[in-house]
Amino acid sequence: MMLFHEEEALTKLKKGDTTAFAMLYNHYKTSLLMEAYHKVRNRQEAEDMVQEIFTSLWQRRKELTISSSLKHYLSRAVHLQYAYKCRRNHVARKFITYVNYTATEGAVPRNLENKELGQLIRKAAGYVSAPACRKVFERLYLQEWTHREIAQDMNIQPQVVKNQASRALKVIRTRLREVV
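Numbering (my numbering), first residue to last: 118 to 297.
FYI, nobody ran anything at the bench for these hints, they're computed from the structure. Only a predicted model underlies this, so the values are computations on that prediction, with no experimental measurement involved. Please note: incorrect hints may appear among the correct ones.
If you anchor each label on the Cβ, the simulated ranges turn out as follows [what the hints assert, rightly or not]:
#  : residue 1 : residue 2 : range
1  : G243      : Y201      : 35 to 45 Å
2  : P275      : T147      : 23 to 33 Å
3  : K232      : S173      : 25 to 35 Å
4  : N272      : T172      : 31 to 41 Å
5  : R204      : D134      : 29 to 39 Å
6  : S148      : L237      : 45 to 55 Å
7  : Q176      : K211      : 21 to 31 Å
8  : R177      : L293      : 31 to 41 Å
9  : M151      : R177      : 52 to 62 Å
10 : H189      : Q236      : 45 to 55 Å
11 : M271      : V296      : 25 to 35 Å
12 : L234      : G133      : 51 to 61 Å
Idealized CB from N, CA, C, for every residue including glycine.
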């Protein structure tokens, strides 16, 4: 059985040794996949993230300077890859919303309908008496935050977010039935 020597493999990697790269990839792939999956909860996305990290590692191998352990460096790369993915998804959601509201075909009736419905929903949300429930509802449905983002921001568990949203929806549905 061959022992793993990280420093030696890194030195060889910087020189373009594909065997050293493969050894590093095989050594760290599983732990990085688990870490990425823990963040995105989707196997394919986790695999894509890890693939991006190792592709970048290979492309930047000559100017690579790692002051900590490679494991820490790669773990940090997973975190940064996840943060980039979140920003990219947020921008995409904003763009889709913008395109939907600025489309020229039938935009005026749909925009008016959406505006009226939005006003009714916001008014009904005002009847949610618990401030935490109302805050969760607004962030989840009006500001399009994810359960995970809300949980992190409010320092609560994702299940609590789901429960709060459910309570708010019951009140809002009741109010909307009265109006409609």
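How the hints compare with the structure:
1. Between G243 and Y201 the CB atoms are about 37 Å apart, so this pair conforms to the stated range of 35 to 45 Å.
2. Evaluation of the 23 to 33 Å hint for P275 and T147 yields a pass: the beta carbon distance comes to about 25 Å.
3. A beta carbon spacing of about 44 Å between K232 and S173 contradicts the range 25 to 35 Å that was offered as a hint.
4. One distance hint, 31 to 41 Å for the beta-carbon pair N272 and T172, holds here, with the actual separation near 35 Å.
5. In this structure the supplied range 29 to 39 Å holds for R204 paired with D134, their Cβ-Cβ distance being about 34 Å.
6. In this structure the supplied range 45 to 55 Å holds for S148 paired with L237, their Cβ-Cβ distance being about 49 Å.
7. As the Cβ distance of Q176 to K211 is approximately 30 Å, the hint placing it in 21 to 31 Å holds.
8. Here the CB-CB span from R177 to L293 is close to 54 Å, at odds with the stated 31 to 41 Å.
9. For the pair M151 and R177, the beta carbons lie near 24 Å from each other, so the given range of 52 to 62 Å is not met.
10. Between H189 and Q236, the C-beta spacing of about 50 Å keeps the proposed range 45 to 55 Å intact.
11. For the pair M271 and V296, the supplied restraint of 25 to 35 Å holds, since their beta-carbon distance comes to about 29 Å.
12. In this structure, L234 and G133 meet the distance hint of 51 to 61 Å, their C-beta atoms being roughly 59 Å apart.
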